[in-house]
Structures are given as structure tokens and as C-alpha cells.
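Novice: Based on these hints, arrange chain B on the given structure of chain A.
What follows is the residue order along each chain.
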Amino acid sequence: MRSWDVIRMRWRTLRRRPRVEDELERELRFHLEQQAEENRTRGLPPAEARRAALRRLGGVAQIQEDCRDMRRTNFIENLWRDLRYALRMLKKSPGFTVVIVLTLALAIGANSAIFSVIDGVLLRPLPYPEANRIVRIFFHSADYAKFPLNPFDFRDFRARSRSFESMAAFTRGDLQLSGSGRPEQFTGFRVTAGFFHVLGLHPAMGREFNRKDEIPGNELSVILSDRLWRDRFAADPNIIGRKITLDSQPFTVVGVMPPGTEHPGNQYHGVAYGQTVDLWWPFAFRGNPNQRGSHFMEVIGRLKPGVAPGQAQAEMNAIVPDFARGWHVLVIPLYREIVGPSQRLLLVLLGAVALVLLIACANAANLLLARATARRSEIAVRAALGAGRRRLIAQMLAESLLIALLGGALALAMAAGAVRVLVALLPAGFPRADSIHTNAEVFVFTFLITLGAGILFGLAPALQAARADLHDRLRDGGRGATSGGRSLRLRNVLVVGEIGLASVLLIGAGLLLRSFVNLLHADPGFRPEHVLTAQISLPDATYKPPDAMRFYDRLLVSLNSAADIQAAGVGSDVPWTGYDENIGGFTIEGKKPPTGEDFHARYHLASPNYFRALGIPLVGGRFFTTADGAQALMINQAMARSYWPGKDAVGSRITFEDHPKEKDWMTVVGIVGDVKDRPTSAMAEMAMWWPIEQAFFPVQQMSVAVRGAADPALLANDIRRAVAQLDPTLAVADIRPMEDIADANVSTPRFSLFLVALFAGLALTLAAIGIYGVIAYSVGQRTQEFGLRMALGADPADVMALVLRQGVRLALAGVGVGLIAALALGRVLRSLLYGVGAADPVTFACVAAAAIAIAVLACYLPARRATGVDPAHALRAE
Amino acid sequence: MKADAPQNQNLLQGTLDLLILKAVAPGERHGLGISRRIEQITNGTFQVKPGSLFPALHRMEEAGWLAASWGESENNRKAKYYRLTKAGRRQFESEVENWGRITLAMASALAAE
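Just so you know, the protein sequences line up as chains A and B, in that order.
The first sequence maps to residues 0 to 877 in numbering that gives the first Met the number 0.
The second sequence maps to residues 0 to 112 in numbering that gives the first Met the number 0.
For the record, the hints were derived by calculation from the structure and aren't laboratory data.
There could be a bad hint or two in this list.
[Unchecked claim] According to the in silico footprint, chain A covers these stretches of chain B (three or more CB under 8 Å from chain A):
# : region
1 : 13-20
2 : 38-44
3 : 57-63
4 : 72-86
C-beta atoms are modelled at their ideal positions from N, C-alpha and C, and glycine is treated no differently.
Chain A on its own, in the form it takes in the complex (with noise of 0.2 Å):
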């Protein structure tokens, strides 16, 4: 027959099941009474009839099953009976059914939710076509490991390089709206030609920039993201064309980008990502193309088909001596890029979770076993009555599917939610934050993963109840040591495992715990408490750098004239907000530097009160104050160290200028302490700060940073209306105590942390309820073993000695297994940690001493109810 035909008739097997079992009775009755009464016409009176046609039709029962064997449609109508019959077993025994299910949701929900994490930051593709053949490309050198662009560079390599069907750049340049309403800065970045084209994208409306826009003189166009077309225009249809003001000059919108335009994001200066920006604008090429001193362009390019990464970096650094020495090229896919740095962390996570759901499958697995054998008489009556070996494994292997199936449902019911929990505790600026949800996928992974999890712990119990050795079990109605013996040592595996586990993940936490504190301790360098920071954008057009300057000073006098405030600075950047890679290369009197290297440092601006506004300690010399001029300069201890050593630095004298006239020296006034760039960087880049006369580099955009013992708003208060005293349409953007940047820059670790140590937390309550279970199991094993013992004359104390003596060798031996187990596994964890050692004696030795303190009290309660055995009741047990 052909398949098809068979499907189609097993389907309506199936469906006809009633009606055919029916039909099967009836016809069987036919079968019986037509027989009677062919025994009554041969002669037989009434009675012996009918009973001569029962005995000739056999047992009614077995045709039945025989019949029903001959079906073939057996195993999906025998599973739905097991399965019937596994909810009737259930729901006699809610206890122990609540216990397992919600223990089982607990776990596969967590797995889900990590899952759904995974799902929309590492496993989405990324939101642009072909999204594999976009890189990222970045300088590289032994100091930098990725460093931005001169734009210049990044034309010589758009014009020459071969392996690109497309090339551009971007950097930060946030605009301000000025006009209606309050004066607001927008995220934005200067983009060169076919910059979305590289991506892929389109503009919804209007088009994007080519290289005539790249010409100076042409920037005065924008592209606005969709969002801000609607928030802040209305959705005007007619927004092409129109002229608005941003920065004080007037833009005219060329394009408008379609909802869901995600920026690939960029590594300095205040990282903006995905659906966060508001506007693009065209970048020009200004200034001297051999002047390749500042770089600050990010480049991305679309690979052509079929070159690969490495094959473009090669060509790549063929082409870059000719323009750029000592650098080379570094190409990074740009899916890499984005999510590289979180996918230790999440793989951490989900190994963390898989381990949580191993004790909780190892739990149900103990559970059920201790059932089994307590139901031992009714399974031996089942393989009595003709249940085949395979027929006991499969009903048993329902009932765990049906908890398994109980528990998964429970778990998606809460994955919504609890993912909607874990983005909202995600830390600030992960990746792709907002591609996760609970979609299909994540129902197919929570479906087959309980799936999985009812067969592994549903397997054992179920091979142990159908490994019968029937006489055994339907004699004794409750002891027989040695068909339980096996089960006992499979259940101890269990628990030893389980506590193993749990140590484990223990182990993680507590190295986590450490490194998190360890970086709270940490000296960040400045003093974060009752400081706030803010960024002010001064446009280009209305404010040439003297009109800055004199900005900057009047706000600077007025800040610190004010009541509430100790300090006001300005600076080019605060700390730990990222950075624009500017390095200046410098001579310094009288020292000659090493061959082949030159002097080269970061460089940034302050004004004089800019360290003790942020708390950064003096260390030698003094501050620079307004008298000192432009010609004055702070450095910083890792550079004072480095060039200087064993000396004091204040005094020398250095220039960036390659002829210096006199007034191109600078000299070093004094040395303030080092700020790293992140908490968990090594150790802080060399550093100069140049009072903000001296405008090398534009100073239009600063960070203003205010201590005060005062409430933050007011102190933001203080800064508003200084600013607006000024002038009224400039916008202070980005206000933040600088105590919530601080905490920002730990988030991450701290977002593991919490994780880890609440998987930690639910595999230590399992393995304590395995441990707990196991142990009173045992006891009510052996309450004739110790009322034997008590009625020989031991003291309660020594029974009670004697069941914690059982429990503290599980204990230890699932320590070791723990112990050795994350030795093993230590290295995953390297990277996330902070000045401590993934091998850590002292977490180790806790994490042992918890889990066995923890394993003797859930050890207990059962020692005390073996004390607690009348001992002339257990002799008289049977």
C-alpha cells in the first residue's frame, strides 16, 4: 500500500478509535451469543450453552489487546492513555508534583530567558543586507590596538584599495535644534558619500549624500532619522527641502531614513548605538591632506563578494606605507565588532543556566526515582497482568514527560515577563539590546529543551521500575534492601553530582562577588560623589574660538562664584566617557627619545579647576591657573613615570612644534594622579592636559564637570542658568552626576554578578533539597537499623551522628567533584574577572565550607527523626 494510504488510514484509525473499540465489543458479543445459541439447536440446555460459547471465545481482554496490537496505531494511542493515566498519578500526589514542576519551570524559564538574550544579540542577523560582508576597519599599531583614522587616510584607501565595493566614514557630530521650545542636542554623525549605501539602507525620503556633498562649503544638509521626523516635525510630508536651524545655521533636510534604522555604532567619544541617533550630516574634507596628525574617522566598508576579511587586510597594509608609516590595518567583521565583547559574558550565562537545569533534571530525577520504588507492588502488578518491558519504560517515561511538559509551560508563561526583566537589568550600551524578544525561536528551544529534560531524568526511574525482579517486589510490601540498593547508589551519584554543580556555579559567583568588589574598592582616581557633569556644544558659526574662550571663561566665573558649588571646570572629556584617540607627538627639552620611537601622549583640555571639580588628586607640582597663560601644561603620573623617571617632570619644557619658537614651549606645572579609561582597563594612558587658551584643537564642544554638596538637580539648575545667562540658545545636553557614569562603567560586571549568583542560589536550594531528600529517604530505609541500634543501648546522639556522617560524605564528595570541575572550567571565566585569580584559593575554600555547612542542615531534620524511632515499634516492622 502506498504510504500515503497508510497515513491516511492510521489517521482515521485513530480517529475512529472509540467507535472501533465499540464495534470490537459488539461484534465479540455477536460472536458470543450466535455461538449460544448454536450450542442450544445442537442440543445443550440454555445455561451450558452460553458457557460452552464463553470458554470457546477465550479471554474477552486479551482478543481485545490483541486486536488492538494488530492496529498499529498503538504507540501514539498508548501514549495518550500513559499520559492520562500520569496526570491521575499526579494529581494523587500534589506535593510532590508542585515541587517538581515549579522547580523544573524555574529552570527552564531562566534557560529560556538567557536563551532570548542569546537569540536577539548573537544569533539575529544583523539588520542589514548581506550584513556578513560589512567590516569595520581600524589602524593598528603596538600601542593601539584599535585606533580611529585621519580622513585623509580614509580617502587614499577609498580611492586605491581593491576589495571594497564600497567604503565610508563616520564621526561623532551632535547638532543643536534651536528655534521652538528649549534648545535640544541631537545625536548625530558627519558621514561621507554612501555612507548608507555601505549598509545597505535607503532613505525613506529624499536621498542620501554623494561626494559633492564631501566638499566644504556643502555640509549644510541633513538626513533625519525617522524618529525625529516624527517627534519633532510632525511627519511632515513635505520636510524635503525645508530649512532648519541647527548649530545656528541653516541646514536644509535632504533625506529622511526609514523607522528602524540602526547605526552600526562607533568606539569613542560616548558610544552611540542602534536606534539612537538623530541625524546625519555630511563630512567634509578640510585642512591639509599631508596633515594627518588627528585621527577620529571610524570606517566601515562592504567587502565585494567573495574577499574575504584577511584577504582585504592584506591588501590593505600593501597600500598604507605610502601614506601612513608604522601603522597597520586592522579589518573586523562587523558583527564581531558589535557583539564580540558580549559574548564571553552571555556563553558564561547560558553554561551557568545549563548547569542550574542539570541539578534541577537531577532533582526530578531523585524524585522520581524515590517514587518508583515506593510504588514497586503496583508496577509488579502491571508486568504481572502482561506488561511488557518496554510498555513499563514507556509509561513511565510519560509521567516524566508530563512533568517535564507541566514545567515547560509554566516556564513560558513567565519567559515573557522575565525576559522583559532581564533587558530592563541589562547594562547600559549592550549590544543589540533592543533585538530581544520571546519569539518563535525561543518557544522551539523551551519546547525541545523539556522535551530533552523529561527523557534525561525521566530515563533512570524509568529503567529502574521496569528492571524487575518481579517475585522480589510482590512479596515484601515495603523493604527488600537489595532492589532498592541499586536505586540508592544511582539516587547518592545524583546527589553527589548535584552538589557538584552547585559548587561550581558557587565557585563562579563567588569570583564574581570578588572581582565586582574588588573594582568598587578599586581608586577610580577622581572622586565621583557630588559631582555633575554636562556637555555644551557652542556652534561653529556663532562662536569662533576667541568667542569661545571668553564663553568658557565668563561661565567658569559665574559657576564658581556661585553659593552651592566648590568647583567648576571645563574640559574636553570627563572620565570613563570614552575617548577621540588624540595623540600628539611632542619633543621634550633635553631628553632625547628611544630610537625609533618619539615621545607621544594623550592630550586633552581643562581649565584650572577642572582636577579638583573632579576630585583628581594633585601630586606634584600645582595646578595651572588663568595667570600661567596658554603656555602651561599638566601631565599625568603614568606619563610623568614614563618619561621622566626618577625625576620630577615639573619644570621641563616640551613642544609639539618640529621648529619652536619660544612661545611653542610648554612647560610642565604640575602632575595630577592617573584615571584609567575604564575601571577594569589595566593601567591609565599617559596624559597632558592643556589649559583651554591654548586651542590647538577645537574647543567649541566641552564637558563641564560642578562639585557641590548640593542636590544634583540644583546643581544643574546652577549650570542651565548660567548658560542661559550667557546665551539663552545654547542647549546643555547629557547632564549627569558623575557618580551614575561611575556606576554605568560597572554595570556590566554587576549585571553578571546578580545573574550568576541567583543560578548559584536556585542550584544550592536543588542541591539541598536532593541532598535533604536522599538522606530521609535512607533514614526511612533503615528506621529498623537504628531502633536495632537504640535498643542495643546508643545514645540518640550517635544515630543522629551516624545520619550526618552519610550526609557530610555526600557533601564532600560532590565538593571535590565541584572543586576539580571548576578548576577545569576556570579559565572561561578569566576574562570577566577582576583582581582575582580564576583559581582562587580562598573563594574555593568558602564555597567547600558553605556547601557542606549547607548539606548538614538539610541533613537535620531527617537525623532528627531517625533519633526520634520508637525502637520497640521498628523490631516489631516486618
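Specialist: Below, chain B alone, put in the same frame as chain A:
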């Protein structure tokens, strides 16, 4: 299945199928009728008990060789009648041919030295 002489179990199933097919080939019968017919045409050698008959009937119905319908019996009781399907008739003819070959082979085997 009772028989006068001990038989091999596997052979019996194939034999039973053939006998059932033979019994319904001329026209439809109900279960008891099939059993009676087999007893009749084998001169009492094979008395098929319900425990063997019904599973076989259901199996052959599953396989598509028999089709069943409910009708009225001789004494106006409702009974389930089985008849041969087209596939069943083909199966019957092939089984008959097979059986013929087996008997020839057995005869020649037993007659050999």
C-alpha cells in the same frame, strides 16, 4: 489454533491468512461464519478460535485485504461482515500460487533419499 498435529507457529499465520481469504472469496461473511467455513472446508482439521481469528481479521483489515461493513445476520442480529477487496483478491491469488510452490517443494524434499 487447534489442530490434530503439532504445527510450526510461523507457518500457521500464513496458513490462517490464506484460509480466511479463501473463506471470504466467494462472498462476504461474518467472523463466526468464517470460522465455520474454515472448519468445513478443511474437514474439521482447523478449528480457528476467536483468540486467533479476530486479531487476524483486524490485521488483514488494516492491511487492506478485507473490507468490513455491518449487516444483519441470519437471525436478524447485527453482525460485522468481511469481504475481499481488490488488493485482497490479488493477495489471495499470490498466496495460492505461493502455497502451490511450497507444497511441491515439500513433496519433492520428503520424497528424496
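Novice: Next step is simple, just say for each hint if it's right about the structure.
Specialist: Hint-by-hint comparison with the structure:
1. 13-20: violated (count 0)
2. 38-44: violated (count 0)
3. 57-63: holds (count 5)
4. 72-86: holds (count 7)
Hint check: violations occur at hints 1, 2; the rest are consistent with the structure.
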